[in-house]
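Construct the entire structure; sequences and hints are all you get.
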Amino acid sequence: MTDAKAMEGQDFRQEVRAWLKANFPPSLTGISGLVFQSDVHAAAANSDFQLWRQRVQEKGWGVPTWPTRFGGADLGEAQVRVLADEMTAIGAFNPIRSFGTMMLGPTLLEFGNEAQKLEHLPPIAGHELRWCQGFSEPGAGSDLASLQTRAVDMGDHWLVNGQKIWTSGADQADWCFALVRTDTSRKQGGISFLLIDMKSPGVEARPIILISGSTHFCEVFFNDVKVPKDNLVGEVNQGWTIAKRLLQHERNSLSEVKAEITSLAPLAHRHVGTDALGRIDCPDLRARMVRNAMRHEAYMATVRRFGEEAKNGGSDSAVSTLKNLWSEIIQQRSELLVEILGGNGLGWAGSAYAADELEATRAWLHSKAFSIYGGSYEVQNNITAKRTLGLPG
Amino acid sequence: MTDAKAMEGQDFRQEVRAWLKANFPPSLTGISGLVFQSDVHAAAANSDFQLWRQRVQEKGWGVPTWPTRFGGADLGEAQVRVLADEMTAIGAFNPIRSFGTMMLGPTLLEFGNEAQKLEHLPPIAGHELRWCQGFSEPGAGSDLASLQTRAVDMGDHWLVNGQKIWTSGADQADWCFALVRTDTSRKQGGISFLLIDMKSPGVEARPIILISGSTHFCEVFFNDVKVPKDNLVGEVNQGWTIAKRLLQHERNSLSEVKAEITSLAPLAHRHVGTDALGRIDCPDLRARMVRNAMRHEAYMATVRRFGEEAKNGGSDSAVSTLKNLWSEIIQQRSELLVEILGGNGLGWAGSAYAADELEATRAWLHSKAFSIYGGSYEVQNNITAKRTLGLPG
Amino acid sequence: MAVLNDEQAMLKDMAAEWVRDRMPVTALRALYDHGGGGRSDSLGHDPAAWAEMAEMGWSGILVPQEYGGSDFGYLGMGLVLEELGRNLAASPLLSSALVAATALRLGGTSDQKARWFPAIADGSAIGTLAMEETSHHALEKTALAATASAGGWVLSGTKRAVQDGMIADFAILSARTSGAPGEREGLTLFLIETGADGLTREAMDQIDARRPAIYTLSDAAVGADAVLGEVGKGADLLDAIVDRANVGLAAEMLGNAAQAFETTLDYLKTRVQFDAIIGSFQALQHRAAQMFGELQLTRSAVEMALTAIDEGDADIPALSSLAKATAGETLHLISSQMVQLHGGIGMTHEHDAGLYLKRARVAEQCFGSTAWHRERWARLRGY
Amino acid sequence: MAVLNDEQAMLKDMAAEWVRDRMPVTALRALYDHGGGGRSDSLGHDPAAWAEMAEMGWSGILVPQEYGGSDFGYLGMGLVLEELGRNLAASPLLSSALVAATALRLGGTSDQKARWFPAIADGSAIGTLAMEETSHHALEKTALAATASAGGWVLSGTKRAVQDGMIADFAILSARTSGAPGEREGLTLFLIETGADGLTREAMDQIDARRPAIYTLSDAAVGADAVLGEVGKGADLLDAIVDRANVGLAAEMLGNAAQAFETTLDYLKTRVQFDAIIGSFQALQHRAAQMFGELQLTRSAVEMALTAIDEGDADIPALSSLAKATAGETLHLISSQMVQLHGGIGMTHEHDAGLYLKRARVAEQCFGSTAWHRERWARLRGY
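Chains as they are written, first to last, in the working numbering: chain D, 1 to 393; chain U, 1 to 393; chain C, 1 to 383; chain Y, 1 to 383.
Careful, some of the hints might be misleading.
[Claimed, not checked] Quick list of the computed label-pair ranges, beta carbon to beta carbon:
1. C:140 x U:22: 50 to 58 Å
2. D:248 x U:207: 48 to 56 Å
3. D:262 x Y:151: 52 to 60 Å
4. D:304 x Y:193: 42 to 50 Å
5. Y:140 x D:363: 56 to 64 Å
6. U:50 x D:390: 58 to 66 Å
Keep in mind that the hints were calculated from the coordinates and are not lab data.
Treat the numbers as computed from the prediction; the structure is a model and nothing was measured.
Here a beta-carbon is modelled for each residue, glycine too, at the ideal position from N, C-alpha and C.
As structure tokens, then:
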């Protein structure tokens, strides 16, 4: 970086710092933005969050790299890093983060036409409309190329029939970006990328009850749904290419989760006890906790390292590797947490269990999805083997 | 079992017990027969062993199920069990056990003609001639069907050319049972089973130095070796069928190893120390030792269970599963033993290390072969998946 | 399978058939509410099914013949528990017919036996063990106080996670008659009826839809004849009971794991992705082979321990911990892989995988976790 | 890879090129005899290669510039060690230029620095650390006695596994000036020349063809100026030296593991069995993917620790143990799989796999085993 550029960076840092100081509501300090992202009611109920979101939106800093005409701030990568650093430093978070900003937005910027961008990007940047992702189908979990949902060209519109599954938040979403089959004679080459208004007649979203009790995921049924021709992104049958790019954004965002490591040791001392040498009083559990925690620490260093390398032009070819390390480490950690709680970690509800115990149990059950969604553990290993390591077949 | 049969069993048990008492040299008590089996010099040097072998040979009890005309004793399965039980009870062992008795013998009994049986079985039963197994080739480790050693029909003899590898004790063997290609147009269907005199002109055995320093395995070269037509076992191109049966015998004998479990705990207490609570003073090492020892105990129970079930007509379909459990548990144990010895477990030779330390190091290096020979870990898993579990492909 | 005699083989076949016909996994599902918790009105089992089990004589397998049982032995009981475990059948068989019956066998007075054995055998009474006070198995941490009184003892304190606690008619309860929490000395076992004055119970809504209970005792009085074994020396007796409880539970876990594996294997043989049956993918084949191997170790460890109990082997403590820990590790692996290999559908409450996963963790933890039993085995074996 | 500055990148490239050209694995093989042991006349390294390394300035990377070094930092040293590790290059770089230099940096007197730093930097003298007395790393077990005398100290006792001990010119040696074995208090570090009267050494024939030594001291006298740091307070200084030694060794192990992995990956891409390139088998693909993941964790842990040392981070002890334990586990896995995936040929002395396996276990054990460092990390992090 030249000195002049560094100076610019310094100036921008001062500006960000001052703005945050003036605008970030202190009541939100240290809260994870995910809380509001995944719970529309919590978001609506918190006036400080509403205020914070509005201020960030006006500044364009929820989607800082987007052009200003789409609701962004047209910042460069270096400035975005400064912004993120400064937010982290004071315990602030991006209140605009959503499926729309993380996945659809970048995709539309790359493949959408100007009209689509103007119609859809500003409401995403303003967090006014919620999007869901209609990719998976009952018969095609990790194998997207087999999808069956049909979109037939009816001249002035597409007629969509079929079923999606594992659609996050579909019951609360305004729009859906979906993969549909527009040519049955080809596999990957017969798929298109369509934007569907969830209020269209014939669309129905039914929540799925997961083993954790969560109803965040839905089945979505399309029965003779009419979709305007303009809602096709890119070319007909170009959907596979677009989806692959979009899934890259998804994988990036999944592996980017940078939660701080909270040591499980104090909890174990409390629940399991301490031996005469000051150790957690269950050697086998302790040994597994230690190994998991060491891997976790090395994993966090890996995320930081990849981040540094990416800033310096490194490749992101190891995203699948990172995701599998992450899911394995976090799933193990969730298991350990429940094991530390012992009998108290096995409750579903009710006064016999403390609230944080019940939360740990649900989180453990939910964690089983980490190695399934966003490309299963097995698919990620296939990708690492073939794409990163160059193994044949 | 009926009462009459049980009585017979009792009578036989008394006979065996009396004979062993009169004939087993007390100096050999508790010694593993493997010592003499794998070291021809040790066997020749021990006069008690020579005596014991001669006595067992005369009795036909080295190959107890074989017909008496081939040097056996024509015993039934129940009697063989009694014999084994009684030997174990007094720390005796079968001094005739060899590649010949365990693998070639049963194969010849099933596929050989009367002349072959009469020629080859008695010297095996008498432990007069040593056999080696010529199956693997440099380009076909676990993939026997790809073997290239050619045997061409020259009218009055076979002309053999090619190379074998991983041939145990070939440099000390008198004969070799080998798989040779007699038809190049078919794969499995073009292989025959041939008995080759190692003293034939054109045969050369070269020991391979393993990472453990062992020279037990050899490369064997066949250069225009003439083999009599009578030395073909079974039909031409039937070799694959015969070899599969023989490998079953090999797998059975590999998974039958019933070494007693010697706890590594006392050694760890000595080398690593003991903490204030009386535990091995290295929690992570201890946790891994405990898990390995528990698996070992469960494995030994599994070997006994399969033995019981086999006696009662159970199938041997899980031999591949057993072999992988065994190799994993024993390899881990070997690693743990070296780890317990610490810096003292890393010597190759010389006075800086104790003899038992050096032995542990060599045994650890040797153990790496357990998951390679007799069908690799990967091949055994394929067999379990397809044959035992019925998975497709 | 262990080599069974004719009667054992017949018992096993009968249990397998009954479980298949009468207790499919949907029977367990009836105990769950729509959202995945236990139904608010649930007893944690199906009384009608329990009555059938008693009718078939299973509740009397460990009751001596003079008290109306069959004294058929722990291996026999293990065979039934394994079959029940296959379909996650919820019943008080383990709590009452194994654990409570064992307590009476090992420590009951003749009066206690005469009163309760016949009722255990015919299923008319359900017994259980009230032992844990903290989140982890640790009998020495017992704080529940038993104070000597004129006519016997007065009990005060709390027990958690009493298995089948809401339906039990009586409990074998550990209490401290001397010493302080943390000491093995000073424990005493009592037989207390759950209807006793001063005993209140609260159901726990557990992930596996069973209904363990919290027992709160406030000056609950029992007679001097309520004691099992020797006053103040209850720890060894309790260990002996828990050893047998663990082997029975391990047999059930073996059944859980075996069925979870077979269900998953069936799925691998039918599910198509990437134009192939997923069971043809080598990575999944090898994982299946590995799980099959772990199942073999588990069956051996469980059957060895069951047999050791029937034979009065001195090594029962170590063999019990070996069985429980081995079953725990295997079930942990297989139940997790059952979810993983079923993919998204395995994550739904509608699918059985989650039910196996939830029951697995409860069983792993009950009567001492896998880690706890590894440590116990290690101490017993001198590590 | 960590983000390097231009000079670091240049150093790394230079090291990579030199190792590739000058130190192929066959260079190590020259230290072995035909049967797999160390050659009887071996020094455990190649003096000519060492001279070249010194010529390139690597031996002075941690020597302050005023003493003729480049003071280039631990990350720089780690880059070179990683490249050397790739081909199992045997040299005293770690022992002398990292460990002995670190001891002088952290505890040396100005006289000691003036005497030895220049010689370390130009390669004319080789230093090492003489610390272990038992089969396991345990500085508190030090029994070697240092008795105060008129002119200084008299040393008696034995040190085992002194790395590069046969070629070292001087050693940093831990001795007990007070207290009893088992105590951390009472240790003192001395700098002793290996030619000193009363010091005899014996080579150890180690599986990795290095030549560590046993040092026997019988009333070996050193001056009062031989002490590093404070008399009786040597434990903390020694820990600090060993922390840095472990990170350097972990960097070398990262190189071992990275190359073992790449060599194995190449084999998977070329070896044909069952009519297919074996690298097309999914079970092997997934194993390769997993090993690649472990390598990522290892690189991160190693580079984080190297950087922490350069930055004087207070967390160096935990980060050092994290690096060593992570590298140890990864190298253990990959070196074992290197043999396994090469099949029979990997079992032969003729193939490189066994050389990586043997070096791996020595490195895993040296300066504290993986298990030892896990425990240390656990204590430091409050487990």
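Here is what the structure says about each hint:
In this structure the supplied range 50 to 58 Å holds for residue 140 of chain C paired with residue 22 of chain U, their Cβ-Cβ distance being about 57 Å. The hinted window of 48 to 56 Å between residue 248 of chain D and residue 207 of chain U holds, with their beta carbons roughly 54 Å apart. At about 57 Å, the beta-carbon gap between residue 262 of chain D and residue 151 of chain Y stays in the expected band of 52 to 60 Å. Under the hint 42 to 50 Å, the C-beta atoms of residue 304 of chain D and residue 193 of chain Y, about 44 Å apart, fit the expected range.
Separated by about 42 Å at the C-beta atoms, residue 140 of chain Y and residue 363 of chain D break the suggested range of 56 to 64 Å. One distance hint, 58 to 66 Å for the beta-carbon pair residue 50 of chain U and residue 390 of chain D, holds here, with the actual separation near 59 Å.
Figure legend: structure checked against the earlier numbered hints; the only hint not met is number 5.
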